[in-house]
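A.B. asks: So you can see what is in the structure, the chains are spelled out below.
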Amino acid sequence: MLTTRFGSLQDFQKGGVEPIDDDPKNYVFSNLFEVAGRAAPYARTAIAKNFQYVIEAVRAEGTSGWYTCAHDEFALCMDGEVEVHLIKLSRPEDIAEVGSEGARRLADGMPEGRKMGRVIIRRGHMALLPKGSAYRFQAAHPSALAIQTLDGPETLHRWADICQTTAS
Amino acid sequence: MSSPVPAPTGARSDVEVLASSNDTGYRSFRAGGFHFQRDAYFARVEWPGGRHVMQIDVFLRAIMRDVSWGFFYGVVNFDGVLGTINHYGEVTLFAGRFNEAYRDAGRDHEERFQSPALMAIFKEMLNDWTNEGYDPFAAPMETGVAWGHKNGFNTAAVERQRVTATRMVSLPDDTPLRTDASGYPVNRHFADVPQDEPNVEVEPGFEAEVGAFNLFAYLSRSDVTWNPSVCSVVGESLFCPTSEEFVLPIEHGNDRVEWFLQLSDEITWDVKDKETGKPRARVIARAGDMCCMPADIRHQGYSTKRSMLLVWENASATIPDLIARGEAPVVPVKF
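Protein sequences, first through last, are from chains A and B.
Mind the numbering: the first sequence is residues 937 to 1104 in my numbering, read in order.
Mind the numbering: the second sequence is residues 3 to 337 in my numbering, read in order.
So here's chain B without its partners, still in its complex pose (with noise of 0.2 Å):
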């Protein structure tokens, strides 16, 4: 995959899968001015100028999530350093932009791409850096190890599709249930979570419009961790319930306001400043508790139980445009 040319609009399209290692078997990849490379323990990231290196269990679960969320909503800091700004058909690569120290000595670094072409490039990373028995999307006690030389792939795992229901999950054509059949059994931490199923009553003539089903028996069955997927939508309106369990791979610097509803259990948010990451707060989030993440944050959580967190998004695509006017509201409510 070679594309040198600039793309018209000025984002980049130029990446390159380069040669495997002679030593450990990896290949390389290059988009743009950014060069990636992995070793046995680490992601090595070379741009002008400067360089990183992140632990590659820390890189692979960061890649995951932008890759599956497709650049998610405004920012995906992998750490404190590299990261991708969503803009909605064209994505920001970044190092040091959203790093204070970087910022001020001037050596922060970014560049812009066509959106196909980075997640065509993080694609053939991510299935090229996860090795056979290794799944970055589990939570660490589920899978096995990220570290050695190349050892085989893992596909099946790293090319998940995100779910995402139409109405409402278990509606005629639309998303199914999970079943111990379908391939999702219970979770060993959701062990004692009710499995009954609604008592639906629908006169004839109403299958597509009478329905419920189960949400926490399905959250149970997850078989992935910070993954919001959706199961209802009113209009732009989406529930992403998912379950977690360790920590959030990235710090999400949301160009949006992002509610949390902690349906079980509990988790502990960080809460930074956005362009800074100068900490702000700590949000401590128990079954029942509500709060919102303004947009000018970014937020990482920890989760020692595997939780259920239903995570409430807006997805109305007027929202960049009312971002880049400075329009859109960084808290939600006043009062």
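Looking at chain A on its own, in the form it has when it is part of the complex (with noise of 0.2 Å):
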């Protein structure tokens, strides 16, 4: 049989761009779990971005802190497991303006709002952040998460430090 090789924090080869009339730059080429690993627990760094949009790179460590968003976000599981903890806030928009772009972090504290469900995912596991929710992601053990998302206050850009710049 043969093997499907995945990605995680503790095992990852990356590959690289060979440049051959061109520069690497170009190619905007890093590795998710190279940025989630040398990045702070819940930090959430920018590893792709299309106009507004960007697709965020995550160490889930612990319990973090609670977000909000005014438009849909999705998080896919790369690596380890992660607790998804939902909340219907009963007033969204005092937080994330409608029309608002990436996601929020609330103050400290248990935000106010109907309990909605929790979701527990593993490797290759997608799940849906709603708008106008509040979440929380718990996880015991170093994981990975991809999101999908805008571009807002939360998300870090450190393209230089996190991209391929010279040949490989």
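If you're looking for bench data, these hints aren't it; they were derived computationally from the structure.
Hints are not guaranteed to be accurate.
Said to hold, decoys possible - Some residues of chain B that are not near chain A, with every Cβ distance over 12 Å (derived):
| hint | residue |
| --- | --- |
| 1 | Ala42 |
| 2 | Val147 |
| 3 | Asn153 |
| 4 | Tyr186 |
| 5 | Ser239 |
Said to hold, decoys possible - Computed cross-link-like contacts, DSS-like style, restricted to lysine-lysine with a CA-CA straight-line distance of at most 25 Å:
| hint | chain 1 | residue 1 | chain 2 | residue 2 |
| --- | --- | --- | --- | --- |
| 6 | B | Lys280 | A | Lys961 |
| 7 | B | Lys336 | A | Lys961 |
| 8 | A | Lys961 | A | Lys950 |
Just so it is clear, CB atoms sit at the ideal spot from N, CA and C, and this is done for glycine as well.
The two chains are supplied separately, each in an independent frame; assemble them into the complex guided by the hints.
C.D. replies: As structure tokens, this is what we get:
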């Protein structure tokens, strides 16, 4: 049987850009596990950007703060296991205005609202982070997430630190 | 099917299904000044002042993607000579347009069509030229051969619809999961991929908003290759994962930046200049690697072991106008 090779925070083999007649920076090449592994827990580092949209790499470890967003987001678990808690905010627009972009972090403490549910995702699982909800991640062991969202105040841009800049 | 009257916009709509060959059994087709004919091994294309030959399996795999993707984003190069440019409502069929030698010699030729007209004749051609037992969407080791004289049809295979979730796969009233029962067994290369589903606890009233699914299991059950399907949607941001084996049957010259997150295994990408076809780079992508394809290149991928790739597209309807005005970025991030 063939072995499917997934990556993890502890075990990944990075590829790279082999330029022939081009600047490798044009390919904005990075590795999600490397970026998440070097980041602080729940720092949301952009690894891809397309106009206002981004994909963020996140190391899930321990319990995150609560976030909300005026649009849907999706979390794809790339390594480990992450629990997602969801609460329906009574007034989400007080934190994330209608039409605003990207996730907003809530003040510390339990948000006000109805409990929506709980999701546990493992490698390869994708969860909806619905607009207008508050969500929080919890991971007993270091895990990695890719988040489909928009560029917002929580998004970190560290392109020069994370991307290949010279021939591999 | 014949409509000889040019469209008011100037885009052509004159396409025609021609007679079957007594020798091979295949029909010929005409789209404007382009004439298409197949025999046991080859597709033969002629246009005013030129002609071209392609291996029939290569041609069928390419036209299959062009049809399924609705001419896709930007340029779909069937090979180094023949292809289409999507103008979103109209489409250019070209020969040599993105080949430096043809351009320099003035041998290139292009004609602009109303998209529905060219799509209709492409579908007729694909259906007539695909024999029973051959699936242009399948990996070569998972299907029959394209060669030979006319031998039945495989209409179900060539009429597959691209999966497009409206919010996320598995949510109520959205694209369903793939299962054995629904005709999607786990692919032979992904037999080791866990099939467990997430734990989802939903409070009453939130069934439409609390959801999760196993994307890797979903991809392990894909019956096609090199065919991105929309699995999650944030505005115009589309996650379009796909399973890849053998070679991307076209050289895609996107008109916008496109991103790849390699989810498993490895793909080698050959990157060439969009206009000339000159090599610019090779990209080796392994699990966890993220890279973009700039908007001024064409790319083609190779994957020996079937792999999982997340193609990330921005489907904004404003991008074609930005492109036309030269305001769309070629590279998404400067640093």
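A.B. asks: Which hints from the list above does the structure break, by number from lowest to highest?
C.D. replies: 5
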